[in-house]
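K.L.:
Once you have looked at the hints, place chain B on chain A.
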Amino acid sequence: MSTGDALDIVLFTLRIAALGTALLLVPGVAVAYGLSRYRGPGMGAIETLLSLPLVLPPTAVGLALLELLARNGAFGGWLVAHGVDVLFTWKAVLLATMVMSFPLLVRSARTAFEEVDPRLVGIARTLGCRPLAAFLRVSLPLAWRGILAGTVLAFARALGEFGATVMVAGNIPGRTQTLALAIVQETQVGRDDSARMLAAVTVVLAFVTLWTAELVTRRHARRDAR
Amino acid sequence: MRRFLLVLLITLSLVGRAAADDLLVFAAASLTDAMTELGKTWAAQSPTKVAFSFGSSNDLARQTRAGAPADVFFSADVEQVAALERDGLIDPATRRDLLSNLLVVVVPIDSKATITSAADLAGVERLSLGNPDGVPAGRYARAWLQSQGVWDRIAPHVVPAVDVRAALAAVASGNVEAGIVYKTDAAISPKVRVAFEVPRAQGPAIVYALAPLKASKNPEAAAFARFLAGPTATPVYERLGFVVLPVR
Chain A
1 MSTGDALDIV LFTLRIAALG TALLLVPGVA VAYGLSRYRG PGMGAIETLL
51 SLPLVLPPTA VGLALLELLA RNGAFGGWLV AHGVDVLFTW KAVLLATMVM
101 SFPLLVRSAR TAFEEVDPRL VGIARTLGCR PLAAFLRVSL PLAWRGILAG
151 TVLAFARALG EFGATVMVAG NIPGRTQTLA LAIVQETQVG RDDSARMLAA
201 VTVVLAFVTL WTAELVTRRH ARRDAR
Chain B
1 MRRFLLVLLI TLSLVGRAAA DDLLVFAAAS LTDAMTELGK TWAAQSPTKV
51 AFSFGSSNDL ARQTRAGAPA DVFFSADVEQ VAALERDGLI DPATRRDLLS
101 NLLVVVVPID SKATITSAAD LAGVERLSLG NPDGVPAGRY ARAWLQSQGV
151 WDRIAPHVVP AVDVRAALAA VASGNVEAGI VYKTDAAISP KVRVAFEVPR
201 AQGPAIVYAL APLKASKNPE AAAFARFLAG PTATPVYERL GFVVLPVR
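Which chain is which? The protein sequence lines are A and B, in order. So that you can map any letter, position 158 of the first sequence is 158 in the working numbering, and since no number is skipped, the others follow by simple counting. So that you can map any letter, position 142 of the second sequence is 142 in the working numbering, and since no number is skipped, the others follow by simple counting.
For reference, chain B alone in the conformation it holds in the complex:
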């Protein structure tokens, strides 16, 4: 029995993984590559390690609201951040509207489809989007299709994905005929081709917002948020195809 308890204690002590003083950053799935790269840059200059959890911004916001131990939140839309501000989880003074992006229609690399307008998507059998009821990329895509007056025809063909990278993966695998993702997502997959880029004037305004979370006990949270909005990070975003917004 004593040996059993000993083994139990050892197991218990081993279960905790990342040290609690590591930074945990919740970031939109579309930021995966930018954050991974910037995380490495940060690690080279700071003793505090940083870990990321990528997903749809709305789900990450939900987890944050439920008490997930995140230190910094980087959303693909301003709505999620505004909601967290209303809940008292983010200080509006620390929020930064940092990046913009464009929507593109992607098709599998070997697809012959030509798409020159939103209306052409009405002929697609299966169109993958981030879930338009929550995922920012899906909501942006729906807003664009609605503004073009074709949403009602396209909606029955939508295959909702849990986040924008899942929508991209569905197109890359060839399991759907087309998808709507960010321009920066399309650029990282060799298995898809951009069939149509939504003109900035036609699509909704895409704004990524960043803020440290008030509940964070990590003294580096604010510093890391500043780092992500700072001069080191800017060229990384631009190289990956994001538009860095000027400070208001």
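Same shape as in the complex, but just chain A:
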């Protein structure tokens, strides 16, 4: 594998992970906030359902997506009829990584929202804040560290997703091949050096991602303490 090919794979993987995380941010935070406030019936069921991708084999999630998007299925057929091809394109990679990352963001953000003292929100409301303003000015700033942690986890998960991706996007070089997929392919065909090189790249990327998040939260923790 040439350096150009490897770079192409790395950039594609980063773009997919970045775009997926960005698209998840607003709905993820919204769902997390909803879960942290909702106390009605079915709470446990909803929560469990949303967390399923964390514990299911990624291939099972991939299979479900594959069935959903299949051209002869209702939804997939509708998409194709409207000129949107998802399966075995980069869009399938994006979708698979997003589904697998979603619960990580939600769980982390939800915990952060639950730790916000409800009295503070109550005070904001008595001072004339509308619910949305109270959310934006009180809950969100207080929970942001947990949201950031969840975002980083979601991004890191997207960088390494394999099982669901391979089911819906295949492993097509130059089209749908991410780092995780390329490592498998290179190993299977016996190009161990390429596989090792790509694996080393994933270590560096994951390290930089987690470390950056760590630095950012720590710097802000110091500022908050002052």
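Derived DSSO-like pairs: lysine-lysine, alpha-carbon spacing no greater than 27 Å straight-line: (1) A:LYS91 <-> B:LYS214; (2) B:LYS217 <-> A:LYS91; (3) B:LYS217 <-> B:LYS40; (4) B:LYS191 <-> B:LYS112; (5) B:LYS40 <-> B:LYS183; (6) A:LYS91 <-> B:LYS49.
So the derived list for chain B, only partly shown, Cβ under 10 Å to chain A, looks like this: (7) LEU24; (8) PHE26; (9) ALA29; (10) ASP59; (11) LEU60; (12) ALA66; (13) VAL162; (14) ASP163; (15) ALA166; (16) ALA170; (17) ALA172.
Label-pair distances were calculated between CB atoms; the ranges are: (18) B:ALA43 <-> A:LEU23: 31 to 41 Å; (19) B:ALA93 <-> A:VAL208: 49 to 59 Å; (20) B:ASP21 <-> A:LEU132: 38 to 48 Å.
Quick caveat, the hints were computed from the structure, so don't treat them as lab data. In this text, a Cβ means the ideal position worked out from N, Cα and C, and glycines have one as well.
P.N.:
Just chain B now, kept in the frame of chain A:
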């Protein structure tokens, strides 16, 4: 927020990779070297770029059926192509049965094993094949072992691989004692030795079939399929050890 949306849009625009007007060819893993070389030859004479996805023919056929955006399909067996014809994805008139190959038993280069018949494989602890339930190379290998009456004894020792090159890699790494691959695969790996070549009369008929896909929107798909079956390609296949079949 506006800046966020801008970044999002830029990212979105960058995600698409190979231009959609590139040809995408789904080809059997055993064709990797031939296709890579012919792809370069084609690129030198045509403005349309070509990209390949290599894998087991059955999996590539499955992906095609699910709507993968392939333009040309080059299978290591005729069954996959026939199935796609039945599904209306390939026009039988455009299909070409192009190549043949032989099966060989390979062992790691430093192995002392001697194999003179199918029966000798019964003593092998781990034998790697393309998955005999789907991968053409594995199905051919199973057909040969069945015809020799030793499959039942060998089956428990089979390590199924996702495609024939994965089976080859398992032998090359020394992680299995032997494998059954195509003669053309064995020839490209310096880490394996051919211990036994299955005589053409003893093994199943191996036929590679090629066809453009009907769903392809690329006007070059048929031209590229013709190129792969044409006089430029023939010497490349022959040099790599394939047998080019006469036009029926």
